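Student: With these hints in hand, go ahead and build the complete structure from the sequences.
Protein chains in written order, with full-length UniProt numbering: chain A, 1 to 269; chain B, 1 to 277.
Keep in mind that the hints were calculated from the coordinates and are not lab data.
From a predicted model like this one, the values you see are computed outputs, not experimental measurements.
Check before you lean on any hint, since a few could be wrong.
Take a look, some chain A residues computed to stay more than 12 Å from chain B by CB distance [said to hold, decoys possible]:
(1) Val18
(2) Glu22
(3) Met27
(4) Thr67
(5) Arg73
(6) Ala96
(7) Ala113
(8) Asp136
(9) Asn235
Pair by pair, the computed Cβ-Cβ distance ranges are [what the hints assert, rightly or not]:
(10) B:Ser182 to A:Leu75: 24 to 30 Å
(11) A:His127 to B:Ser23: 40 to 46 Å
(12) B:Phe56 to A:Glu139: 52 to 58 Å
(13) B:Ser260 to A:Val18: 29 to 35 Å
(14) B:Leu187 to A:Glu5: 37 to 43 Å
(15) A:Asp20 to B:Phe183: 34 to 40 Å
(16) A:Lys118 to B:Ile103: 27 to 33 Å
(17) B:Lys268 to A:Leu237: 37 to 43 Å
(18) B:Phe183 to A:Leu75: 26 to 32 Å
(19) B:Lys268 to A:His260: 35 to 41 Å
Note that the Cβ used here is the ideal one computed from N, Cα and C, for glycine as well.
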Amino acid sequence: MATAEKIRFERVTKTFTVRDTEQKGAMKEFTAVKELDFNVKEGEFVTLVGPSGCGKSTLLDLLGGLTTPTRGRILIDGKEITGPGLDRGTVFQQYALFPWKTARGNIEFGLEAKGVPKHERKEQANHFLSLVGLSDFGERYPHELSGGMKQRVAIARSLAFNPDVLLMDEPFAALDAQTRESLQSELLRIWQKTKKTIIFITHGIDEAVYLGERVVVLTPNPGMVKKIVDIPLKNRLEDADIRSHPDFVKARHEVWSLLHEAEYLGANI
Amino acid sequence: MVTIEKHVSSAPKLIKQKEFGFSGLQKVAKQSIVLVALFLLWEIAPRIGLVDPAFFPSFSNVVIAWWNLVISGELFTHFLASITRSVSGFGLAVLIAIPLGLIIGWYPLARELLNPVMELFRNTAALALLPVFMLLLGIGETSKIAIVLFACTWPILLNTIAAVGNVDPLLIKSARSMNISSFKLFLKVILPASVPTIFTGIRMAGTGAILVLIAAEMVGAKEGLGYLITYSQYNFQIPEMYAGILTIALLGVLINQSLSMLERKFSKWKQNPNGQN
Ligand SMILES: Nc1ncnc2c1ncn2[C@@H]1O[C@H](COP(=O)(O)OP(=O)(O)OP(=O)(O)O)[C@@H](O)[C@H]1O
Ligand SMILES: [Mg+2]
Chain A
1 MATAEKIRFE RVTKTFTVRD TEQKGAMKEF TAVKELDFNV KEGEFVTLVG PSGCGKSTLL
61 DLLGGLTTPT RGRILIDGKE ITGPGLDRGT VFQQYALFPW KTARGNIEFG LEAKGVPKHE
121 RKEQANHFLS LVGLSDFGER YPHELSGGMK QRVAIARSLA FNPDVLLMDE PFAALDAQTR
181 ESLQSELLRI WQKTKKTIIF ITHGIDEAVY LGERVVVLTP NPGMVKKIVD IPLKNRLEDA
241 DIRSHPDFVK ARHEVWSLLH EAEYLGANI
Chain B
1 MVTIEKHVSS APKLIKQKEF GFSGLQKVAK QSIVLVALFL LWEIAPRIGL VDPAFFPSFS
61 NVVIAWWNLV ISGELFTHFL ASITRSVSGF GLAVLIAIPL GLIIGWYPLA RELLNPVMEL
121 FRNTAALALL PVFMLLLGIG ETSKIAIVLF ACTWPILLNT IAAVGNVDPL LIKSARSMNI
181 SSFKLFLKVI LPASVPTIFT GIRMAGTGAI LVLIAAEMVG AKEGLGYLIT YSQYNFQIPE
241 MYAGILTIAL LGVLINQSLS MLERKFSKWK QNPNGQN
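Tutor: Below, the structure written as structure tokens:
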């Protein structure tokens, strides 16, 4: 596995200007994430957990170049992020598929943005449709797909334009347990095959431990890195019952304990 | 939050399909029964002296008068005059209001600047301005096309502006994350997302076009369906007058139906039985 540094957070803080509830008409600063300072290695799978509202999506928007840090900076391959780019692919919390485009059309959208010629787009779209198990659903519109299928189209869309880094915001949150588990192993398989760097946000402690090589635990508002937990699991895909493995149980417990310390009391995890 | 969707299993679907033929017939019957009764009443009432046949001729007499107007080619002349005017005014409105609405919707400053003017104009009944149009543009074709254009512009313009403003921000975010240019964003996301709402405006405009035109033709014109009605009334050709009214009603239904169909076609992807995207 490559060990080169891919992403570097340098004391990243993001504040929003919000209405002051105490003073009518007045505005105040609200710190969403504070002093984030950590690295992600190339080809690494990092999961991020933290209570609702702690700034996970904010962090991902910053990585995606959709917003800029108030203080600090984020580097990718040593270069500061200044805007969106096709080196990063985002799977948003709520699918964000274009409802007027078919599954195939949605996948081709990113390819078109990248400037892939038309005849190649079709071929690649086919490839990614089959990768996520939706070969027969290419001509369906999003409203004709189930939640899990939509999620898979969104993942295929982000994979299709071949970004180095995949940013995923609770992509499996809305799915039932079975679909989630099968998509989780699918994602691991894709990751192993494509060697992409993946930043994956989740509410699920199990999911975080199962997928991540490292789990970044964030504090409630403002979001700061509380601890980064190493997950020493090797053969996640081969071991059918990895979730009962002592290492898994131990790591799971550690993350759980971190999230249940006093400062989280009352926070909605 | 998204919930697990319930798929309709195939069994109930089959049953539904089987029923369709019967329930389809039932639907047609339900929808036409009152209409048929109305025409019957129209036929009988003048015959039994419930109303004066001179002012309210029976349905069959009106149909005969209508048929004679068709054969003589007179109806077609008037029909053509009306349809040409309304299509010209309507078409111009589409050509002007959609691009204008897209621009105004896209630039918040333009929207803020123009909002008061648009509020004022759209709340001014087009017909109230008819005298102004006639004073400025005469009683020829120009004034009639202009008033149709005026009436059609507002629903299309306002719907287009609203459409652009209401595009799901998440979709914009999603497209921006793929690093596409503002122009592409507009073309590939804003525009397609706006189409259904724009079409609602177009349908509203289509209905308004006929309404305003007929009124304008009744006030000052040498041909057209509105003119046919007033002219027949002055010359006491009462069945012909009703024939004209009937034609307008049919035309209105036809236009509304076809525009509704187009609207449905373009907003097919909006159909969302699960209430989620
Ligand atoms: N544009 C904005 N303006 C003002 N406040 C914002 C904005 N975006 C996010 N916030 C605030 O920043 C905080 C973090 O939001 P964020 O969406 O990142 O949370 P999250 O960790 O993704 O939560 P969840 O797990 O519920 O998705 C929240 O308190 C939110 O209210
Ligand atoms: Mg979030």
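Student: Does each hint fit the structure? Answer for all of them.
Tutor: Hint-by-hint comparison with the structure:
1. At roughly 17 Å, the least C-beta separation between Val18 of chain A and chain B is larger than 12 Å, which holds for a residue marked as non-interface.
2. The beta carbon of Glu22 of chain A is kept farther than 12 Å from every beta carbon of chain B, the shortest such distance being approximately 28 Å.
3. Every C-beta of chain B lies more than 12 Å from that of Met27 of chain A, the closest at about 19 Å, which supports listing it as non-interface.
4. The beta carbon of Thr67 of chain A sits about 10 Å from the closest Cβ of chain B, which is not more than 12 Å, so the claim that it is off the interface is violated.
5. Listed as outside the interface, Arg73 of chain A is consistent with that label: its C-beta sits roughly 19 Å from the nearest C-beta of chain B, beyond the 12 Å cut-off.
6. Its beta-carbon lying about 4 Å from the closest one in chain B, Ala96 of chain A breaks the requirement of being farther than 12 Å from that chain.
7. A beta-carbon of chain B is positioned within 12 Å of the beta-carbon of Ala113 of chain A; the least distance is around 4 Å.
8. Every CB of chain B is more than 12 Å from the CB of Asp136 of chain A (nearest about 15 Å), matching its label as outside the interface.
9. Interface exclusion of Asn235 of chain A from chain B stands, the closest Cβ pair being 31 Å apart, more than 12 Å.
10. Between Ser182 of chain B and Leu75 of chain A the Cβ separation comes to about 26 Å, which falls inside the hinted range of 24 to 30 Å.
11. Taken as a hint, the range 40 to 46 Å holds for the pair His127 of chain A and Ser23 of chain B, whose Cβ atoms sit roughly 45 Å apart.
12. Between Phe56 of chain B and Glu139 of chain A, the C-beta spacing of about 56 Å keeps the proposed range 52 to 58 Å intact.
13. Hint check: Ser260 of chain B to Val18 of chain A, Cβ distance near 44 Å, so the stated range 29 to 35 Å is violated.
14. About 38 Å separates the C-beta atoms of Leu187 of chain B and Glu5 of chain A, a value consistent with the hinted range of 37 to 43 Å.
15. The hint said 34 to 40 Å for the Cβ distance between Asp20 of chain A and Phe183 of chain B, and at roughly 38 Å that hint holds.
16. Our hint of 27 to 33 Å for Lys118 of chain A and Ile103 of chain B holds, since their Cβ atoms are close to 30 Å apart.
17. Evaluation of the 37 to 43 Å hint for Lys268 of chain B and Leu237 of chain A yields a pass: the beta carbon distance comes to about 40 Å.
18. The hinted range of 26 to 32 Å is satisfied by Phe183 of chain B and Leu75 of chain A, whose Cβ atoms lie roughly 30 Å apart.
19. With their beta carbons about 48 Å apart, Lys268 of chain B and His260 of chain A fall outside the hinted range of 35 to 41 Å.
Checked against the numbered hints above, the structure violates hints 4, 6, 7, 13, 19; every other hint is satisfied.
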